[in-house]
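Novice: Residue-level listing of the chains:
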Amino acid sequence: MLKGEIDYERLRRERREYAIFDREGKSDYWAYTYCGGCYGHCGARVRVVDGWPVAIESVPESDLGGRGGMCAKGVSTIMDYHDPNRINYPVRRRNPKKGIGEDPNWERISWDEALETIAEKLIAIKKSDPRKLLWGFTPGPGTAFKATIFVGGFFVTFGSLNRAAGGVGTSCGAVAHHIGALIHGAWDVLPDYQYCNYVLRCGGNEGTAGGRMLATALRLSAQARDRGMKTVVLDPVGYLAGSKATEWIPILPGTDIAVFLSMANLIVNEIGIYDREYLKKKTNAPYLVGPDQLFVRDKETGKPLIWDERDGKAKTYDDPTLQEPALEGQYHVYDVKVSPAFQLLKEHLKQYEPAWAAAISTVPEKTIRRLASELVREARIGSTIEINGVKVPYRPACVVGYKGLNTHTNGFHQYGAATLLNTLLGNQDVCGGILGSGTVRGFGHPETGRPRFQPYASEDGMLTPGVWFTKAPWPPPKITGPGLLNFQDIFPHAGRNPYPYCDDWEEIWTKVGRPYEPEVLGLYGANTVMNGGNPRSAEAFLKKVPFIFSINTIHNETTEGFADIVLPECHFLENLDISSSQGYFFNYPIGMDKWSFHVGMPVVVPKYERRCTLDIFFDLADRVSTREDYNIFLENWFSTKTMKWEQNQAKPTQYEIIKPDERISNFEFTDRVLKFYFGKERGLEWFRDHGYITWEKKPEECYWRYFVDARIPVYYEINLRDKEEVRKRAEKIGMHMEWEQYTPLLSYFQAVMYKDVPPDSEYDLVAVSPRDVLHTHRFSAENPWLNEMSENNPYTYNIVMNAETAKDKGIDEGDIVSLENFRGDKIVGPCKLSKLIHRRVVAVVGLGGWAKGRPIARGKGMNFNELLPADCRHMDPICGAFEINVMVKATKVGGRP
Amino acid sequence: MRLGMVIDLKKCVGCYACVVKCKQEHFLPTGMNWRRILISETGEYPNAQKHVYPVLCNHCADPVCVSVCPTGATKRLETGIVVVEEDKCVGCRYCVVACPYQARSYHREEYPYFPHQGPTAFEILREKLYPHQRKVVLKCNFCIERIEKALGQGLKPGENYEANTACVNICPTKAMVFGDLDDPDSEVSKYIREKRAQQLHPEYGTDPSVYYVIS
Chain L
13 MLKGEIDYER LRRERREYAI FDREGKSDYW AYTYCGGCYG HCGARVRVVD
63 GWPVAIESVP ESDLGGRGGM CAKGVSTIMD YHDPNRINYP VRRRNPKKGI
113 GEDPNWERIS WDEALETIAE KLIAIKKSDP RKLLWGFTPG PGTAFKATIF
163 VGGFFVTFGS LNRAAGGVGT SCGAVAHHIG ALIHGAWDVL PDYQYCNYVL
213 RCGGNEGTAG GRMLATALRL SAQARDRGMK TVVLDPVGYL AGSKATEWIP
263 ILPGTDIAVF LSMANLIVNE IGIYDREYLK KKTNAPYLVG PDQLFVRDKE
313 TGKPLIWDER DGKAKTYDDP TLQEPALEGQ YHVYDVKVSP AFQLLKEHLK
363 QYEPAWAAAI STVPEKTIRR LASELVREAR IGSTIEINGV KVPYRPACVV
413 GYKGLNTHTN GFHQYGAATL LNTLLGNQDV CGGILGSGTV RGFGHPETGR
463 PRFQPYASED GMLTPGVWFT KAPWPPPKIT GPGLLNFQDI FPHAGRNPYP
513 YCDDWEEIWT KVGRPYEPEV LGLYGANTVM NGGNPRSAEA FLKKVPFIFS
563 INTIHNETTE GFADIVLPEC HFLENLDISS SQGYFFNYPI GMDKWSFHVG
613 MPVVVPKYER RCTLDIFFDL ADRVSTREDY NIFLENWFST KTMKWEQNQA
663 KPTQYEIIKP DERISNFEFT DRVLKFYFGK ERGLEWFRDH GYITWEKKPE
713 ECYWRYFVDA RIPVYYEINL RDKEEVRKRA EKIGMHMEWE QYTPLLSYFQ
763 AVMYKDVPPD SEYDLVAVSP RDVLHTHRFS AENPWLNEMS ENNPYTYNIV
813 MNAETAKDKG IDEGDIVSLE NFRGDKIVGP CKLSKLIHRR VVAVVGLGGW
863 AKGRPIARGK GMNFNELLPA DCRHMDPICG AFEINVMVKA TKVGGRP
Chain B
29 MRLGMVIDLK KCVGCYACVV KCKQEHFLPT GMNWRRILIS ETGEYPNAQK
79 HVYPVLCNHC ADPVCVSVCP TGATKRLETG IVVVEEDKCV GCRYCVVACP
129 YQARSYHREE YPYFPHQGPT AFEILREKLY PHQRKVVLKC NFCIERIEKA
179 LGQGLKPGEN YEANTACVNI CPTKAMVFGD LDDPDSEVSK YIREKRAQQL
229 HPEYGTDPSV YYVIS
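If you read the sequences in order, they're chains L and B.
First residue of the first sequence? That's 13 in this note's numbering, and the numbers climb one at a time after it.
First residue of the second sequence? That's 29 in this note's numbering, and the numbers climb one at a time after it.
FYI, nobody ran anything at the bench for these hints, they're computed from the structure.
Be a bit skeptical, because a hint or two may be false.
As the list claims (entries may be wrong) - No farther apart than 20 Å at their CA atoms in a straight line, the calculated lysine to any residue pairs in the SDA-like style are these:
1. L:Lys-293 x L:Leu-356
2. L:Lys-619 x B:Gly-146
3. B:Lys-38 x L:Glu-259
So that you can see chain B by itself, here it is in the shape it has in the complex (with noise of 0.2 Å):
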């Protein structure tokens, strides 16, 4: 299995949502972002585009952060899925430099959403329900948990609800499908072919899990 995604640009308007989500599925601490919206204008006016770019960490097949890892802490599951086993990193950085995506993000310090206000509930609750580790650094996960969980009760990625990452089906746009790539019959594995989905920057030579359809 190789878990990925697509992302049709012709589809996305930029809306945030898989980037709030995202957020608030894995309760992350302020200024944190696992997603990220790249925003760009091209051409000259009148006839300039505006160009918008989801990113998120691509689940890279040959991912650099995995070899540059002294630790062991980054690697690649069988899944496809890229992690960082927090407990395992010591938070040398090195990963977030050798990224050619800049996916990664080194969790500092955690302040509050309403600074001198205390945490809400909602960042108490963190502690129970999706704690970080500081010091380490964090990224993406494609809902691991989610996602495992969907597998270990027969549901398909990319078909079933419970087993798509938040992002995904929080899209309002419907711009995103998820699933499994090494399955040619799958949706995503179908939406990428029909609609000739290209990598970003492939040239990187990490092989990229993320897909876009460029409009």
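Chain L on its own, in the form it takes in the complex (with noise of 0.2 Å):
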């Protein structure tokens, strides 16, 4: 191609495939994709009338999403894409100047010139080093959620794994992930409603909230709440889950830590009921430790060994003739005292004493020791139940929770010892208990056996998930660098974390030796200035970018202020995208719903020059000549050969989807993978025509603990092998950390916000930021029906403050406060008194927009992360987690307006 060049026959042929999306031109029809207004993609049907999407809901007889039923947010999409603010054509920015609230004055071009002059810059540091790429994704009003598989294959094959949270990443599921990773082989977790009796929830609002699954989580947990399912929510906040719970108890943001570790203690040490098969036969709890609080190790084969009671000897994990593996006692290996980990964890827990927690929590000792005996009690441990004819251990309790255990300092040993507690009850991917959600084992559909995924054993014996995305979780990665703009390299166990985006880090840069700068970053979506983790701290690092360009539906913070080219994308009722479907994330139908595989599909042809995700990248792969890895890494992933990363670009022998050498778009694409699939007759024009496909669930998919041989961690051995290497590194250049948190054993440690101003401090409020329901990201504060029900609800827009709490401080309802940090960051906004908020507790929703693209959004709520101060001392050391709560002094400025 000549630059200048268009290239109009490509985006003609684009346009003739969606012809098929059409529909004949009949001016009334109801067509089939999936909503994309959370990450819950529920099956979706819109009606459209001449030529505009008017009505959606989901699928009445589909298990995703609310069979029939939506959530408000969804509901409203259709706003989203009639929005008069959507970008129709690729444009570029004028002004040179860049920074929060620059207007950019933005110049149409063609898609031709947006894409070659991307191309240039990529082809230039592609000869240089592809890591001056930094990119990233996060989804906007109807960008499609899990197109970044689309996002992250084009940019992995160019070669950058400099990947930096595009927006939510940083407050969101660091630790979460990397945990449900290693003990469920999942991205995310729910509890297994339609049989579950006793859920305690902790940070987290899935089912009321939160919208990882909204609006399957909201049908499954009112069918079990109606049906007598007792739900105790451990919460700073209790208008949320606290609302429609059996029980809230106000809980000191944080410090959930030191009541799941005193409840552990209770449980092994005082009740003395816990599920001890599961911990000798799937957990690493018998792995035998030596003085060096190491795994004693096989010296042939370097397997860890355990203590055989019935034979009196040690042996390898995998030995068959391993018959009863012992949890207690001092035994002899190679001349060396070792324990089983076991051992040690009880020891270790002994020191976590209720009162202690009671203490630290501000939740009283009679109620966590209740909680404990009502989970032992509620597990039924040792019990079972069959399920279509299959027996599996039936464990109708569980604890769960998301963003407020794990968005911490202290967060991989918070969200740890949540897990501690069900590793305890034995209720992990089993009948009633906790399931990971999503791509975790499925056998197919059962006339053809495809899409099949599944977790396995690898490394010591460990569970490894069978698909993920980003960098793998187990086996652990090797230690290098640092070299990557985000130092992910020498954080083995942090698939993201804050940085750049963070006020140290051309300090720490500097240190490595500067080795390139980033030159180019590419955006997917992402609205990084107002969701990164401080706007100040990502404006200053966005600002050095030569060159940034982004992928939206509509323009934000990011693109106004710091985006040198931005191409239009289609909403989700116009896309094309089969990643909506397949991969790694939480929208399946969990427990025993019926796989429900929905495909996002146009419902109108796309307007103006707006172009689908895949579109997109299959152009720009070829005008930088990454289209043979590019087209390889989308064979591996959706033939399911290697759904994951690292794919080291093995070439396949047998291509089933897309060869190397093929130029196919998006549309022959997707209809390959939909008969690789389903079978040649079930092509994009079944799928047009019917919507979806189902079938049955076996219970051997979503209860395979006992079907799949692999262990999960009780002792994170790991920890300890890593941390000198990672210290070393880290305070080479100038990373000081809290390293005593790689440690194999779950322990205390105390959330930073704590710890940055004294006890008796002025900023005596703790600053946090819940889900609202009515909102995905900030993304949707340009809707203006949710706009409309924002100002009708009580929480959403408000400062939300306990009403005695308030009353001390001569503050009443409606008056206009600001909330501000120890080192002066404000906010201001109105405040609403609430009785089911902790005394010392403030909530805002993170909002708060100022560009001129999303005219609904300027200037409603507040943006809450300028609070936030973004630095290595404010991230978890283990998995990146961003410090997501600040210490605060609230004072009254005005009276109700």
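Build the complex: two chains, separate frames, hints provided.
Specialist: Here's what the structure looks like:
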């Protein structure tokens, strides 16, 4: 292609192909796709009149979603489609100045010019050092949530692992996903609502507000509630999940770790009832540990050893003659005194007394003791149940949590401790307990056996997810670097962290020796400056990047302030997107709900010059000559040969969907994937007419624990193995962190916000930012329907404070209040008084936009992230979780307007 | 036939789906909602409760709005649905004041959803698909067009998806059941009996057709 020539043929071909979605000129029809309102991806049907979508609901017969029902966010996505501020053509920035609030002065350019400009920049850095490309993603309104597979595949095959959280990643599941992988082979977890009787829910609101599987969780949790399932909510905020709970127990943020460790102590050392068989067979609790706290390993094979009480000797964990793994005791192996890891855990837990936990968390000691007994009683350890003729363990109680547990500097140990409680109950991926959600184990459609995936055991016999996105959680990657802009190469267990959008990035990078400078930032849907961490910290970095391109459906604070070229993506209602169906995320029916495979399909042909995600990336890959590697990535992923980043460009011997040299379009690719999965007659035309395909789930798929031979960690030996190497490399570049956390036994660590100020400080309130039922990230604030609802919801746009605390501070309902942290960062907004929030906590939903291109979102709510310090001190040293809470003082600055 | 609804507050989480869906189904203008969510808190910390009440027109069996309407625009149909005939309504708003449930709205003017940016295609299609007269009173009509079409096809409210109101269908927690209160064997009647659902403020004496299971 010569520069300047427009590939009309390519654009025309794409439009011709999408013509099958034109419904032969019908003026009023219903069409199938999925809902892109959140990660839940409920199957959807949409009414289209005169070529415009006018109504959406989920599919009544499908188990993916609300069975006809849908939350307000999903229903409102129709209005995102109609937003006159949608980007319709590629644009280029004319104003060279970058910064928060800058007017970009966009000029329209052609696709060819836009992509050639981007390609030129990318080709140049591919020659010198592909690491100069930084990239990130997060959905925007209508942006395909899971097209991150297409996005990530492009950038990874380009040669850059410099992925920085585009937006949501910093306040999301840095720890939850990592531990989810190690424990469940899954990105996320949910209670088995159909059979669970008791849920202890902490720091997460799925089922009432949390958006990862919202409508599915809403439906199932309501049914469970109706059936009599008891929910105890342990949370600083009580007006979300707490409002539908049997019991709400207020707790200081980030102190659940103390409660969980003391509960584990009670269960193991006092109550004495826990699932010993599960610990013996399915965890590394019996692995023998030497005096150096590392596993004692077989001299020949290097495998960890277990003491067989039946034979009185040590055997490798996978020895077929192993009969009775010991959980306690002291033995001698290779002339060294050893103990099973569980023995060490038991001793270790004794220090965590309920009275101590009560003092830290403000949860009364009696309550902690009661919760421990209730969990044990409700779990019915030892019982079984028959589901569709298959006998599986029955453990109808669980502990579940998300953001509020894991986005803290003690996130690894805190979330790990919650998981430990589940491990003690033996309820993981069995009936009634806590289930990994998504692509964990599936045998595929009964007629084809596809798509098929399952977890397996790898190094040390430990569970390894069959499907993963971002850095593999297991086997542990080698520690290299520093050499990445996000420093994730020196943190082997961090798949995401707030870098480089941190105040100390510049200083640290200089200590690294500045091997290169970031020259290009590629963003997909993201709003980094609002969501990345602290806006000022993000701004400082973004201003330095010479060239930024972004793919969006609508402009936002980041594109306006910093992007050089913005490409118009299709809204999900116009997008052909197979990634929405297949891959690592949450949007799969949970428990024994039927498999339901929906496809993201255009309900209307894309208008203007908007293009589908994969078409954009195929075009770009052609121009930068990475198309072959990109094709191989997609072949490996979608054929399910290797559904991971670490493909090492393994060239398959057989190509089942796309060959390396094929220049097929998104349309052709999607059609082939569907036919590969479901048979030659079930391509795009079939799915256009039928919407989805469904089949019964087998108990061995969702309750897979005892059908897969693999173990999970109770003892995180890898922490100790990695400690010195991580510490050495990090300290050398000035990253001083709490290295004591690299310990194999889950332990108490205080979350950093409490250390940032003295105990009697004037900054006496903990600011938190819970998810609101009306919003997904911040992009939904642009939706006028959701805005109207938010204006009528007392919690959404306001600072929520405990009524008694407010009275003590002279603050009345509706007063204008300033929240200020110890650095002087401030946000100001109206105050709502509540009786359903901890006395020492204030809550603010993260909103507060300022972009011209998002006029409805402008000035609505407050940008909570303004309050957050972003640096390595405020980051969990193991998984990179960003500390999402901060100590503030609240001052009245005005009366109710 | 007496069409009515039960709303199970144990299931409802106040997600606003019903409010937005009703807006979408009826192309309601900015600022007008035929359904609302009332939220309050009672009790004292930490033993407080949040109350979420999704409210709508109750389609009362003895409606005050009908008795005060000077033009006969508001009337109760044989199905039990209380409707406003926009052609007859003069916008005196006597009914708005009289309704003890504050279920009615006066449609003064229409503003685009995106101020200063003109109407969207959705708003333009409103004129074709579901136009509203200005300067009249509007309210929930139990999706009368949907229901009448379904009844004409022999479908049964509460049993068939197409014979339910849009809000009942969109609820993701399945907190609502719609149907014939005069039929003791209908799902809605059984639900009301078994869960001992109640009317809101029965002392107003209007005999609402919307019941609540109060947890």
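Novice: Hints first: check each against the structure and report whether it holds.
Specialist: Hint-by-hint comparison with the structure:
1. L:Lys-293 x L:Leu-356: Holds, because 18 Å separates the two Cα atoms, which is no more than 20 Å.
2. L:Lys-619 x B:Gly-146: Judged against 20 Å, a Cα distance of about 19 Å means the pair holds.
3. B:Lys-38 x L:Glu-259: holds (14 Å)
Consistency with the previously given hints is maintained throughout, with no hint failing.
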